[in-house]
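Novice: Residue-level listing of the chains:
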Amino acid sequence: MAERLEPRLYPYHGGDLPEAQAQIAAIPTAFPHRWRWWWMTIAAAAATVMLLIAIGATFSEGIGLWGNNAPNYWGMAIMNYVWWIGIGNAGTMISALLLLLGRGWRNSLNRMAETMTVFAVACAGLFPIIHLGRPGFVMYVFPYPNTQDLWPQFRSPLFMDVTAVFSYLLVSVIFWYVGLLPDLAAMRDRAPTRRWQVFYGLLALGWRNSARHWDTWWNVYKGCAILAVPLVISVHSGVGLLFAMGPQAGWHTTLFPPFFVIGALYSGFAVVAMLATTLRHAFGLHALVTERHLDILGKVLLATALMTGYGYVMEAFTQWWSGDPFERNTLMDRFVGEYAWLWWTTIVCNLVLIQLLWFKPFRVRPVLLFAMGVVGTVGMWFERYMLLITTTYRPFISAEDGPYVATAWEWMILGGTIGLFLFGYLLFVRLLPMISGFEAKETIAEMARKRGETVGAAGPHSPASGRTMP
Amino acid sequence: MTEQLAIFGMAARFDDEALALETVRAATDAGWRVEAYTPYPVPGMPAALRHRDPWPARALTAGAVGGFAAAMLVQWYATAVDYPINVGGRDLVAWAAFAIPSFELGVLAAVVCGVGAMLVRNRLPKLYHPIFWYPDHWRSSSGSYVVCIENDCDAFDPNAVRDFLRRSGGQAIREVTA
Chain A
151 MAERLEPRLY
161 PYHGGDLPEA
171 QAQIAAIPTA
181 FPHRWRWWWM
191 TIAAAAATVM
201 LLIAIGATFS
211 EGIGLWGNNA
221 PNYWGMAIMN
231 YVWWIGIGNA
241 GTMISALLLL
251 LGRGWRNSLN
261 RMAETMTVFA
271 VACAGLFPII
281 HLGRPGFVMY
291 VFPYPNTQDL
301 WPQFRSPLFM
311 DVTAVFSYLL
321 VSVIFWYVGL
331 LPDLAAMRDR
341 APTRRWQVFY
351 GLLALGWRNS
361 ARHWDTWWNV
371 YKGCAILAVP
381 LVISVHSGVG
391 LLFAMGPQAG
401 WHTTLFPPFF
411 VIGALYSGFA
421 VVAMLATTLR
431 HAFGLHALVT
441 ERHLDILGKV
451 LLATALMTGY
461 GYVMEAFTQW
471 WSGDPFERNT
481 LMDRFVGEYA
491 WLWWTTIVCN
501 LVLIQLLWFK
511 PFRVRPVLLF
521 AMGVVGTVGM
531 WFERYMLLIT
541 TTYRPFISAE
551 DGPYVATAWE
561 WMILGGTIGL
571 FLFGYLLFVR
581 LLPMISGFEA
591 KETIAEMARK
601 RGETVGAAGP
611 HSPASGRTMP
Chain B
4 MTEQLAIFGM
14 AARFDDEALA
24 LETVRAATDA
34 GWRVEAYTPY
44 PVPGMPAALR
54 HRDPWPARAL
64 TAGAVGGFAA
74 AMLVQWYATA
84 VDYPINVGGR
94 DLVAWAAFAI
104 PSFELGVLAA
114 VVCGVGAMLV
124 RNRLPKLYHP
134 IFWYPDHWRS
144 SSGSYVVCIE
154 NDCDAFDPNA
164 VRDFLRRSGG
174 QAIREVTA
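Chains as they are written, first to last, in my numbering: chain A, 151 to 620; chain B, 4 to 181.
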């Protein structure tokens with residue numbers, strides 16, 4: 151039963167919430183930054199076209215265009231995959247875990263974070279397929295009765311990973327859309343023109359705010375959230391196992407699954423911090439995304455960074471403690487070897503610079519928090535690069551040593567996925583409510599209940615009506 | 004068709020959550036078929052409507068169990084029955100390794116079944132519904148609560164219902180045509 155007996159507390163909102171909530175709903179139909187939006191979207195679309203060109207070239211010429219060669223079989227494609235899917239993880243954590251824990255502050259951030267997840271996972275999913283060179287080979291990992299009588303290798307973490315990413319993408323999209331349904335209906339009800347009304351009306355599937363619908367919906371939404379949390383953990387643990395299950399020095403450690411999950415959350419929260427500060431500034435969402443939200447976001451970012459830092463220390467310690475000469479060699483190589491700059495960049499970003507978040511201005515001043523988000527995102531990208539290359543470029547037999555240098559095509563693909571992400575995100579900002587409207591209304595109602603005021607339009611803090619009576 | 008049958012129900016708008024909740028409770032107690040339209044899930048409303056739908060949760064659970072079992076079955080069939088290969092004497096059925104993809108697919112099946120059941124039980128998508136004719140229905144997605152007492156052909160007396168809604172403090176009381 152969906153009875154929530156004790157009201158959730160929302161101490162983090164300030165300003166004129168009802169006004170802000172009405173303003174959110176009006177953003178798509180009366181978009182404030184039309185020209186800027188067009189320029190940014192055109193730039194993002196151009197980057198997406200670049201992605202298509204680079205993928206096309208890769209498919210027609212083969213992955214010889216890339217820097218991948220023995221012994222560096224994985225290269226940028228896999229590190230970008232790990233990076234992107236990690237970014238996605240934080241969105242589900244914000245929307246699902248914090249929903250279950252009743253953390254009200256998530257209500258202002260969950261929609262933008264979930265959308266980030268959807269597009270980040272879509273970008274991540276591209277990489278393993280591109281990395282095959284011949285994309286048709288991806289069919290080999292799906293268990294279906296084929297003409298060659300082949301089954302995938304079910305014992306391999308590759309199969310775990312494919313099912314994890316595949317499920318994660320679909321579950322994220324479904325969870326996002328189900329959460330969006332009531333808001334789409336609200337957009338339909340306020341639509342100023344027939345065209346918008348039909349657009350949102352079709353997307354809302356005829357949702358009519360019925361209390362019975364809400365109850366059923368809430369049961370399912372909560373159920374999906376309960377399942378989404380372990381799913382997220384399993385997804386990045388699976389990625390960690392891809393590395394850890396082989397015998398390679400530097401990867402072969404039980405630390406990897408949790409280390410990857412925490413690192414993923416860290417990079418994801420860093421991107422959420424960037425998105426939240428940017429959207430807050432661009433659309434004046436100060437009442438819904440307050441300084442206290444940014445403060446908490448900064449604290450969570452710092453906490454996950456510290457856990458990631460613990461991962462670095464423990465990783466180095468286990469490599470040293472193992473006594474294995476290859477492990478120790480890889481460890482020393484990270485400190486002073488050919489790719490030491492990667493390791494040091496990672497450490498400077500994720501262990502040193504991020505400590506600035508201990509100081510309050512870095513958490514509450516949007517510009518500084520944005521900068522910290524950049525530090526986290528870039529730091530985690532370098533970490534993935536470092537973890538991958540320092541292990542593969544010097545395998546067990548030194549005759550196989552070989553450096554890895556990414557080619558322009560690989561950089562184009564990385565830049566292209568960032569463009570694809572931004573393209574999707576810009577469309578979302580333009581067409582859909584970027585902050586969950588009904589949860590903002592819930593917040594308003596619960597604040598009124600707490601103050602003992604009348605809840606609803608008759609109350610002193612009534613939501614502004616967006617349209618006159620027909 | 005008589006005019007009586009063409010009435011879907013009698014709807015009223017409430018601008019106060021507590022008032023709407025009370026009205027729904029009283030109308031349900033009076034034996035009418037009631038529906039409320041609210042901007043967010045109102046605590047206590049399902050109880051006031053005496054609404055309880057265990058099916059989506061059941062479907063979710065069944066999806067989880069079924070998805071997990073189906074994935075385990077496929078892996079067991081492929082490795083132990085259809086194409087058994089002895090690799091260094093290892094177990095053909097590596098259930099621990101199989102459990103991970105099965106978990107992922109179990110979650111996927113659960114979410115698909117749960118959301119599917121939610122849509123089926125709510126009879127969505129359904130783009131047309133008589134309540135959309137109620138001129139203030141759109142307000143139920145901003146700050147108001149719409150209560151509709153539906154015409155179930157037996158106990159429905161438009162005048163009595165209208166009186167009841169007026170006494171309860173409802174505004175914009177209108178007949179909703181089917």
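Hints listed in this document are in silico derivations from the structure and should not be mistaken for laboratory results. Incorrect hints may have been included.
[Unchecked claim] Label pairs and their in silico Cβ distance ranges: (1) A:Tyr294 to B:Ala21: 54 to 60 Å; (2) B:Gly47 to A:Tyr290: 33 to 39 Å; (3) A:Phe287 to B:Gly47: 42 to 48 Å; (4) A:Ala195 to B:Thr64: 51 to 57 Å; (5) A:Gln505 to B:Phe135: 52 to 58 Å.
[Claimed, not checked] Covered by chain B, according to a simulated footprint, are these stretches of chain A (three or more residues, beta-carbon under 8 Å): (6) 269-279; (7) 510-519; (8) 580-593.
The beta carbon of each residue, even a glycine, is placed where N, CA and C say it ideally should be.
Novice: Take the hints in turn and mark each one as holding or not.
Specialist: These are the hints, each one checked on the structure:
1. A:Tyr294 to B:Ala21: 54 to 60 Å: Holds - the Cβ-Cβ distance for Tyr294 of chain A and Ala21 of chain B, about 56 Å, lies within 54 to 60 Å.
2. B:Gly47 to A:Tyr290: 33 to 39 Å: violated, 54 Å
3. A:Phe287 to B:Gly47: 42 to 48 Å: Violated: the Cβ-Cβ distance is about 56 Å, outside 42 to 48 Å.
4. A:Ala195 to B:Thr64: 51 to 57 Å: Because 43 Å falls outside the window, the suggested range is violated.
5. A:Gln505 to B:Phe135: 52 to 58 Å: 56 Å Cβ-Cβ, so the 52 to 58 Å window holds.
6. 269-279: Coverage by chain B is violated for the region 269-279 of chain A (0 residues, Cβ < 8 Å).
7. 510-519: violated (count 0)
8. 580-593: This one holds; 4 residues, not fewer than the three required, reach chain B with a Cβ under 8 Å.
Violation of the numbered hints given earlier is confined to hints 2, 3, 4, 6, 7; the remaining hints are satisfied by the structure.
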